[in-house]
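K.L.:
Starting from the given sequences, assemble the full structure and let the hints guide the process.
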Amino acid sequence: MARAADIVFVESSSGRMWFGRPLCPSNTSDASTGKSFNEWRFRAIIRELPNGRYETTRQARSPHGLRTDLFLTYPEAQASLIRWFQRNFKITSQG
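Residue numbers (this note's numbering): 3 to 97.
Source of the hints: derived by calculation from the structure; they are not laboratory data. Predicted, not measured: the structure shown is a model, and the values here were computed from it. For every residue, glycine included, the Cβ atom is placed at its ideal position computed from N, Cα and C. It is possible that some hints are incorrect.
As the list claims (entries may be wrong) - Derived Cβ-Cβ restraints for the label pairs, each shown as a range: (1) SER16 - LYS37: 32 to 38 angstroms; (2) HIS66 - SER15: 28 to 34 angstroms; (3) GLY54 - PHE11: 26 to 32 angstroms.
Claimed, not checked - DMTMM-like cross-link-like pairs, simulated, lysine to aspartate or glutamate; straight-line CA separation at most 25 angstroms: (4) LYS92 - GLU13; (5) LYS92 - ASP32; (6) LYS92 - ASP71; (7) LYS92 - GLU78; (8) LYS37 - ASP8; (9) LYS92 - ASP8.
P.N.:
Structure representation (structure tokens):
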């Protein structure tokens with residue numbers, strides 16, 4: 003039985019931006035197609051904007067499927083990307 007994949011966030015060296023990455027990319031697959039994780043088509047980014055809001059950018063599966071949303075706080079933005087990632091990616095094997 004596949005379980006939801008875990009995502010970790012790493013802050014950029016310049017600050018004000020966090021990049022989401024799968025905790026175990028080699029064991030992660032697309033929930034709808036079953037294909038293995040493709041790092042080149044994946045984005046999960048949180049940016050702190052000058053007005054104090056947070057913008058999330060996410061992309062998976064299609065190179066044309068880029069989506070953005072705005073949030074008031076960093077925890078809200080992070081929780082949104084975690085939910086999105088767990089809906090779209092699963093752990094297929096233990097390693």
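K.L.:
Now tell me if each hint is right for this structure.
P.N.:
Now for the hints, and whether the structure bears them out:
1. A beta carbon spacing of about 33 angstroms between SER16 and LYS37 agrees with the range 32 to 38 angstroms that was offered as a hint.
2. One distance hint, 28 to 34 angstroms for the beta-carbon pair HIS66 and SER15, holds here, with the actual separation near 29 angstroms.
3. Checking the proposed 26 to 32 angstroms range against GLY54 and PHE11 shows it is violated: the Cβ atoms sit about 19 angstroms from each other.
4. For the given pair, LYS92 sits about 24 angstroms from GLU13 by alpha-carbon distance, which is consistent with the 25 angstroms threshold.
5. At most 25 angstroms may separate the alpha-carbon atoms for a hinted pair to count; LYS92 and ASP32 meet this at roughly 6 angstroms.
6. Simply put, LYS92 and ASP71 have alpha-carbon atoms about 23 angstroms apart, close enough for the 25 angstroms limit, and the pair holds.
7. Between the alpha carbons of LYS92 and GLU78 the distance comes to roughly 22 angstroms, so the proposed pair stays at or under 25 angstroms and holds.
8. Only pairs whose Cα atoms come within 25 angstroms are accepted, and LYS37 paired with ASP8 is accepted, the gap being roughly 17 angstroms.
9. Note on LYS92 and ASP8: the hinted pairing holds, with a Cα-Cα distance of about 8 angstroms set against a maximum of 25 angstroms.
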